[in-house]
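Number of protein chains: 2
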Amino acid sequence: MIPQSRLYKDALLNNIIPFWERHSLDRTNGGYFTCLDREGKVYDTDKFMWLQGRQAWMFSTLYNQVEPKENWLEIAKSGVDFIRHKGMDAQGNVYFSLTANGQPLVQPYNIFSDCFAAMAFAQYGIAAQDREYKELAKKTYLNILQRKDNPKGKYEKGTLARPLKSFALPMILSNLVLELEDILEPNEVERTIDFAVQEVMEVFLHGKSGIIYEFTKPDGSLEDSFNGRLLNPGHGIESMWFMIDIAVRRNDQELINKATETIVKILEYSWDEEYGGIFYFMDSRGHPPQQLEWDQKLWWVHLETLVALAKAYEQTQNPEISAWYTKVHDYSWQHFSDPQHGEWFGYLNRSGEVLLNLKGGKWKGCFHVPRAMLQCWKAFERMENKGIIK
Amino acid sequence: MIPQSRLYKDALLNNIIPFWERHSLDRTNGGYFTCLDREGKVYDTDKFMWLQGRQAWMFSTLYNQVEPKENWLEIAKSGVDFIRHKGMDAQGNVYFSLTANGQPLVQPYNIFSDCFAAMAFAQYGIAAQDREYKELAKKTYLNILQRKDNPKGKYEKGTLARPLKSFALPMILSNLVLELEDILEPNEVERTIDFAVQEVMEVFLHGKSGIIYEFTKPDGSLEDSFNGRLLNPGHGIESMWFMIDIAVRRNDQELINKATETIVKILEYSWDEEYGGIFYFMDSRGHPPQQLEWDQKLWWVHLETLVALAKAYEQTQNPEISAWYTKVHDYSWQHFSDPQHGEWFGYLNRSGEVLLNLKGGKWKGCFHVPRAMLQCWKAFERMENKGIIK
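Chains B and C supply the protein sequences, listed in that same order. All letters in the first sequence, in the order written, are residues 1 to 390 by the numbering used here. All letters in the second sequence, in the order written, are residues 1 to 390 by the numbering used here.
It is possible that some hints are incorrect.
The list treats identical chains as interchangeable, and a pair is accepted whether it falls inside one copy or across any two copies.
Said to hold, decoys possible - Taking lysine-lysine and the BS3-like style, the derived pairs with C-alpha atoms no more than 25 Å apart in a straight line are:
1) Lys157 - Lys86
2) Lys208 - Lys148
3) Lys148 - Lys217
4) Lys217 - Lys362
5) Lys362 - Lys152
6) Lys217 - Lys86
7) Lys157 - Lys139
8) Lys390 - Lys138
9) Lys265 - Lys9
10) Lys86 - Lys362
11) Lys265 - Lys165
12) Lys265 - Lys327
13) Lys154 - Lys165
14) Lys9 - Lys139
15) Lys139 - Lys327
16) Lys327 - Lys378
FYI, nobody ran anything at the bench for these hints, they're computed from the structure.
From just these sequences and the hints, can you work out the full model?
Okay, here's the thing in structure tokens:
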């Protein structure tokens, strides 16, 4: 494996972050514009709260982990202030989207906006040493836990005839709890980690195939339905680097090995041998998936895979991981990065052509690209320092 | 324009309908399986009520318009009985989906299931001369009208901050009201037609560009947002043949001309010059659409276009329409029909390769293909009989 820390560090600090600093700030209303075209021009001003929380988290994290730059803290503040003052309803639930100046557009119909808000509040609270934001992070986190068994509330369209539980929740909790570690009670942290590891590794990771399912029946068995057969390879792989983070923290070599093995299994299952890249959705029985975009290649899937492979290699030096890293790295950097206008493309068709030339939209913002750059930079730096790679 | 009635008639009676007769009947529970793979094998047994209603309507319509075959009436009955006895809640709203044996899976969260159920009840009521089903059709229709200003009820996630009205409702009413014409009061029919024509032609048809928008502000002006910029060319074109049907009924040449002109405008706007075929979604300002499947080529879009062009040509003998018909016909028959296993493919990628090899699924059933075959057969037959084409 070749040394790569420099590549990711340069991209993060000289390309990705400047792109968002230059194009995304709403200096009138606070918060961020995320709908940016190829050159960074704003084409829509709606504010999607997933992306507000994610960008505020990103700049807080840069401040905490890279350099305490006042400018980064101000950018983060503008996001958390927008979420706090405009983005939450009277019960503390986070809206899905608002107008640029903060009128609610779409109700809080799931708990993911809240998860990203909580991450942002926590990291900003730590960065600014702001007790109020730390408290708000904790409150938002506890509100998520309260809603977790009925996350959609009255917006839930499913009946109870055939309930399924969703991988997304334990997956996100396994990351969120580490983000809030300094703010929560230690018992709470351990309890949530136990829950998340158990759900991810014993319930959604299917023993026989070795891959991760998006939904299972409440008893953990598989269901033969569209949702029950659904695989989201990027989700599965991303959750494995959350598991490795937890395993490193707990010094749990068995969990590291299992996560590493699972990354390989999922990649073997979901790599497109014909055109390269990782499929977006698959059906575990090979039936046609519901999702028409199933064969597209998405930026976050490939970036999360790079992070997972870097971390897995750091922990195992497994040559199979190294080979996969090279393959995914070459595909990703060749197809997604945009040397002409900066940042990465988000959406490619199956054969690797750009499908939508946006740099940011309703779902893509200042998050997966910079977070992956930071995670890979740091992982490779540790490996270089330890002499694992030179 | 070459005579084509034979092509469509043969396909309908010797290929399409036999495919559904052979593969889709649930002889245990009644109703239909719609998730059929390329060869017709059932890969999922859930019952999506849009498709139950549509197939029951199709077989009733065949009985009413083609031949009073007992077998067709029985197939239709099995669908309407399933919807009536299993598919409706206590308020008469139609569920979105059920298990094979009729347990509700997804609540009635919009009114489209109800629209297709009403169409089915009406045509079946006429076919079987069944007063109860005619009454149920009327009741279901009135229930739709009652829900029309708040179709999603408690499942509505949008706030009132920036309300939009949707083209889908007037569009479907303009077709539904003619399906129920024999069952409704004449005043009711005329009132709904007036409403639908006014909305479709004066509100959603944008005067300046000549194309149809999916959403407008309540006052009919355009909004610069993802939904406000959204174009669905297949929707627009389909609605134009509903307008032509109404215009013929009312002997309104002006409406025929306007609809014909609009078909051409939309086709010029949405034809893929590079690979052929009609795009699925577009953004009216050329921004990236939200819908990742925007560049795919869908069966119903092309079939509805064939119907619209056949009807427009029948009424106008406009050579521009003839040229478009040839272009769309050649693309559609070459790419969507499956000479090997029968029926049509539903989903192609941009370059025209099969994306999902299903013949039926959650959204594709026994409806658009056979309805278009029937409509084109009849339109060409009339043209041949009148000597418009030979």
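Problem - Hint numbers not upheld by this structure, sorted from lowest to highest - result: 2, 8, 9, 14 and 15
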